[in-house]
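Reconstruct the complex from the two isolated chains, following the hints.
Here the protein sequences line up with chains A and B, keeping their order. Residue numbers for the first sequence follow the numbering used here, so the first one is 3 and each next one is one higher. Residue numbers for the second sequence follow the numbering used here, so the first one is 63 and each next one is one higher.
No lab work stands behind these hints: they were computed from the structure. A hint or two may mislead.
To be verified - Stretches of chain A that chain B covers, calculated by requiring three or more beta carbons in the stretch to come under 8 Å of a beta carbon on chain B:
hint	segment
1	39-47
2	193-204
3	231-241
4	291-297
5	369-376
6	403-413
Glycine included, each C-beta is placed from N, C-alpha and C at the ideal position.
Chain by chain, the residues:
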Amino acid sequence: METQTRRFKQNAREAMADGQLAQALTRLGEGFPLRRAEAIDRLPEFDQLRDAAKAIKDHTLAHLDLYLEQYESKVKEAGGHVHWCRTGQDAREKILEICRSVNAKTVTKSKSMIGEEIAINDFLEENGVAPIETDLGEYIIQLRKEPPSHIIAPAVHLNKGQVEDTFRKAHTNLDPARNLDDPKSLLEEARVELRDKFLNADVGLTGANFLIAETGTNVLVTNEGNADLTYSLPRVHIVIASLEKVIPTLEDTATVLRVLARSGTGQDITVYTTFCTGPKRPDDLDGPDEYHVILLDNGRTELVGTEFQEMLRCIRCGSCLNHCPVYHAIGGHAYGWVYSGPMGAVLIPGLIGIHEAGDLPNASTLCGKCETVCPMRIPLPKMLRAWRERQYQRKGNSAAARWALGLWAALAKRPKLYRAVTGPLMTALAILGRKRGRFKWLPLAGGWTGPRDLPAPQGDSFIAQYHKGPVGAVVRSKGQ
Amino acid sequence: MTEYAPALKNPPTSPEVGLFATCLVDLMRPSVGFATVKLLEDAGCRVSVPEAQTCCGQPAYNSGDSADARDIAKNVIAVFEGFDYVVAPSGSCAGMISHHYPHLLKDDAAWKARAEALAAKTFELVAFLADVMQADISPPDLGVTATYHDSCSGLRELGIKAQPRALLGKVGGLTLVEGDIPETCCGFGGLFCVKYPDISEKMVDAKADDILATGADLLLAGDLGCLMNMAGRLKGRGASVQARHVAEVLAGMTDQPAIGEADEDTA
Ligand code: SF4
Chain A
3 METQTRRFKQ NAREAMADGQ LAQALTRLGE GFPLRRAEAI DRLPEFDQLR DAAKAIKDHT
63 LAHLDLYLEQ YESKVKEAGG HVHWCRTGQD AREKILEICR SVNAKTVTKS KSMIGEEIAI
123 NDFLEENGVA PIETDLGEYI IQLRKEPPSH IIAPAVHLNK GQVEDTFRKA HTNLDPARNL
183 DDPKSLLEEA RVELRDKFLN ADVGLTGANF LIAETGTNVL VTNEGNADLT YSLPRVHIVI
243 ASLEKVIPTL EDTATVLRVL ARSGTGQDIT VYTTFCTGPK RPDDLDGPDE YHVILLDNGR
303 TELVGTEFQE MLRCIRCGSC LNHCPVYHAI GGHAYGWVYS GPMGAVLIPG LIGIHEAGDL
363 PNASTLCGKC ETVCPMRIPL PKMLRAWRER QYQRKGNSAA ARWALGLWAA LAKRPKLYRA
423 VTGPLMTALA ILGRKRGRFK WLPLAGGWTG PRDLPAPQGD SFIAQYHKGP VGAVVRSKGQ
Chain B
63 MTEYAPALKN PPTSPEVGLF ATCLVDLMRP SVGFATVKLL EDAGCRVSVP EAQTCCGQPA
123 YNSGDSADAR DIAKNVIAVF EGFDYVVAPS GSCAGMISHH YPHLLKDDAA WKARAEALAA
183 KTFELVAFLA DVMQADISPP DLGVTATYHD SCSGLRELGI KAQPRALLGK VGGLTLVEGD
243 IPETCCGFGG LFCVKYPDIS EKMVDAKADD ILATGADLLL AGDLGCLMNM AGRLKGRGAS
303 VQARHVAEVL AGMTDQPAIG EADEDTA
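Pulled out of the complex, with its shape left as it was, chain B reads as follows (with noise of 0.2 Å):
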């Protein structure tokens, strides 16, 4: 596992922050981007959220078309690197940021830096209020049993396991009971769940079943597409957990319906 990139010698006191949103945030769960914004200024941080941004190009990076991803990578650099930090809910675009965009412009002189440069300063969300602003938070009560899910790529790729759930514990009124299987994916992966919808039903029903199986009301974890993808699932075989991102917690932002859920089903 590839060491995440170490927070700045000497950060500013009230640094300038360049949310990136994620594509999956922006377009199916805006209250993720909202929570994200009110953590980050809670925690001393100046956000901006630039219009120009769209997707850390991973579908197609992972598919293998590596000059789009270059191309997309070039365009995320261009929109943030005048920040003082990025930073984005979900570890596997931070990831992306941070680990994959060096390795797709080494070729690339004039952009190779570049990437790096920006790949230092790129944080997932959690892993970023914990470790570079130390934030304190305060989130409201929350009486609920909750379960955490690791995803792969913050888990693998940045190292991220201890701040969620040390954050998680500040909240009040929130038990942690940790499921058999909190590492194992859940069968997203982006695009394989759709190109292999059967073998990624076979890992997700594995997953629902730890889930359940800890007898928690609330799943939680740090990236909206293992989230969709497990929440479907819980609400395709009729389960009452709800799913939501890490963030909406911290942030005590949970008045919107969870994940997959309509109005009525939380009232």
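In isolation and in its complexed conformation, chain A is listed as follows (with noise of 0.2 Å):
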């Protein structure tokens, strides 16, 4: 996928004005909120959870390569292979050349984020072989042709009818008078479609939401079981996943596995959990000939002992987009790029840059909430703010940004001078602002004016009248 991030202000302004898209968004606002709330009422340990799967991913980082050797002779030894790539061009070759040693004309996928990070989709498309999504929501927006929008609800931006119309405009071998009224019908619709696929398909790719390093396992977590399908029956599969998705033992991934879909979607677990090893073994039923896994890189190891460090623990829950104002207010697809929401504001600048991805740390209040209910306990805003200070240094900011802060700061530096300068101005506002209390309109109030009124100052400055005179006489005395 291509990135959009350069365009933040524009895309979100043209998602604020899509009223579709805001009903969505309300309505994912409410309901896994909500959700997470009541599972977590219902696992009083949950905070002791995430302190434990906070530090298996800290151990697990501090010691990232002994456990990705670990995991790599495990594979091995289950009969799969490894593959190591630095790049998304890598991988995707990497993919294309094990496609093509089986002459597969079809794979089937299920999700997964690091597929749309290298842009596996096109570039298979590109060279003949087509890609099948199965996770119903990545079906539905690889028919719209649309990114995801969100990083476990990809196509949560879409309302009922939307999906109609698609499925309407794609199934064209179906009954044009067929009954699509109810989620229901849509879904096995979906699952009709996709059966044959399922069934034909050359190569199975998904991807991993944990790599255990004790046994060589991938762990897949899905509600709809496609996943299963996806690499069982297919005669190759391939998991991609981004090296830091390891996690030293089976009994670490039931700790974060706890906290996982709780956190995201307000299940107690997910309804599919599968851990696969390897090839089918000589007495299994079923399952791949071939197993390989792409463990990718792509910008990953250069954070690793920055302050961007903790940002690697992410286990993709999506609880932070979940509960983040501004992700409500813009959705996914406006941060440009496959991750979004606070998670990706962070994670975005530290894959492509933050010369590319300017917009995305500043576009945040700070509010704090992501931390509060991001089960990894990742300081969001404090990597938010380290993004805003290496851009600061290396002047990425506007020159009139630049300016202006300069200008408080020096002034905040100097008591005498600020209150010189600032004491004649707020009497001035003051003055100018006590016919309505407020200015609809003020020269360099710039972008706080228009969408709100700015209220005037009172008067003179709190410090000066106190020290002037008998304490609050000028603000008490008025009006009594």
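Here it is in structure tokens:
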């Protein structure tokens, strides 16, 4: 997927003009957080589990090389292959090479953000291999040629009617008079359409929620069971995962799994949680003949050891998106790349550079809600600030902003000058604004006025008044 | 969420409090400063308002300009470290001093300890009155229905939630009605509202809808930035809800026009 992060402001504006999107986002903002809260109420030890999960990931990141090597050797032991890929291009080529080695015509896919990150669908298509998304949400947006708008609910921006339209346009082989009024009929239709595709695919490409070092296992969680059909039916199973997905042991994985679904969808556990280790063994009834893992770096190792390392704890639960008021206002597409919301605003600059994604860490009020709901206790606001600091250091923000900030800082550092400048200014504004008590428009108030009025100051500054006479005399005498 | 700085072990009975007025209160709404002084004095504090204070440095800090933020922090530390307590009528500025100064100055050997010492004795006004002074306030009656907005920093950095509600419970004739989203950010975010005005508008509109749905006549909060944002939008939409800093109500100093209103509006 091509990045559109530079168009953030414009994307956001367009998104906010879309009434249907606003409704979808309102539903999301009410639904997921409520279900999360209920799930957590049912689990009194949730906070202890968060601490344990965080500790597991911190430990893993501190010994990342060790666990990755262990993971690799375990995959090999089980008869699988591990391919280390530094860039998206490396990963794409490796996947194509594997597809070609078995003359694959079609590849079924089960939701993988990494697949989106390296734009694997377009690449396969250009090279004569047809990728087929099997997660319902992914399937819908694939038909619509749209990127996902949420990391766990890719089609959350759409409503039922839009899905119906999409299906009617895509499934032209079906009776045009058929009834597609309720979600169930839509789901049924997608199921029927996908059935043959599952059966006929040459390769199954899945993501991985975790990679277990101890056993060489990849873990997949879904609510539709499509991942299971994706990996078990074709001859070849390719797993694509970024390298921070590794977790030391099976038991550790169980701990992290316990916070994952509760945080994201408010389920105690997802409907399907599948563990795959290597290809089919001689006495297995089903499973792939070949098992490949594409282990992708794509910029992650550069974050290790920096102030952004903690971002690599992220388990993609989507909770920070579900609770973010900025995400609720603009949706996921506005962020311009596969990731969105607070986690995207931190991760995207890490992967494609702050010069590309300069708006993302700034378009936050730092309200801190994301940090309070993140199961991995990722200090997202702190890292958004850290990006702003890097941007400031490389003079990445606008000259006007730097000038205004510099002026304010210069005043704030010189109390006498500050008083000399602000006093008369406030007095003047107070006189100007006295009649209405607020301004509809004021030169230099820029973005403030327009959406809202600017309250007028009351008069001379508090400190000046306080030191001038009997405490509060000026203010208290007024109106008495 | 980090724990709020605990109260000093043996608090002095009549502590010397340095009032950090915050730049917004100082410049935009002095009545909040006077209300704060009154509340602190009534609670038995000896209050000083140092003239050499300006701003806590958040605009610089949140814009990535750490060097200036550090310089400003040092000014604040030097001006306020002599007091028993520092109190600010703002969760955001109190949070800046108590959480972010130690982080900003953690690598500065000469300033680290001073930043931490100041952090430990810096409080947001309402939390200070309730938790540290356990103040018994007796504000005058105010026949009004009010709703309260939990400002982000106060709520999430300092854990302020129960204190303002407990104190407002002492205002006779005041009925508190909760909105559905009292903890959702109003879209102010310091410079955010200027840099991304349309996103901010969408956020503050959601708040305005929620506030209007409560049917309250009065919107209260502990941070002037959020209040100016919400009041500005409510007024822009022609709503009659008044907005005030919680200190004004607790101090019984509501003679000034509400935020964004002129004298004739209140008549
Ligand atoms: S940053 Fe935290 S809340 Fe957001 S997706 Fe990652 S783990 Fe979940």
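Cross-check of the supplied hints:
no.: 1; hint: 39-47; result: violated (count 0)
no.: 2; hint: 193-204; result: violated (count 0)
no.: 3; hint: 231-241; result: violated (count 0)
no.: 4; hint: 291-297; result: violated (count 0)
no.: 5; hint: 369-376; result: holds (count 5)
no.: 6; hint: 403-413; result: holds (count 6)
Consistency with the previously given hints fails for numbers 1, 2, 3, 4, ordered from lowest to highest.
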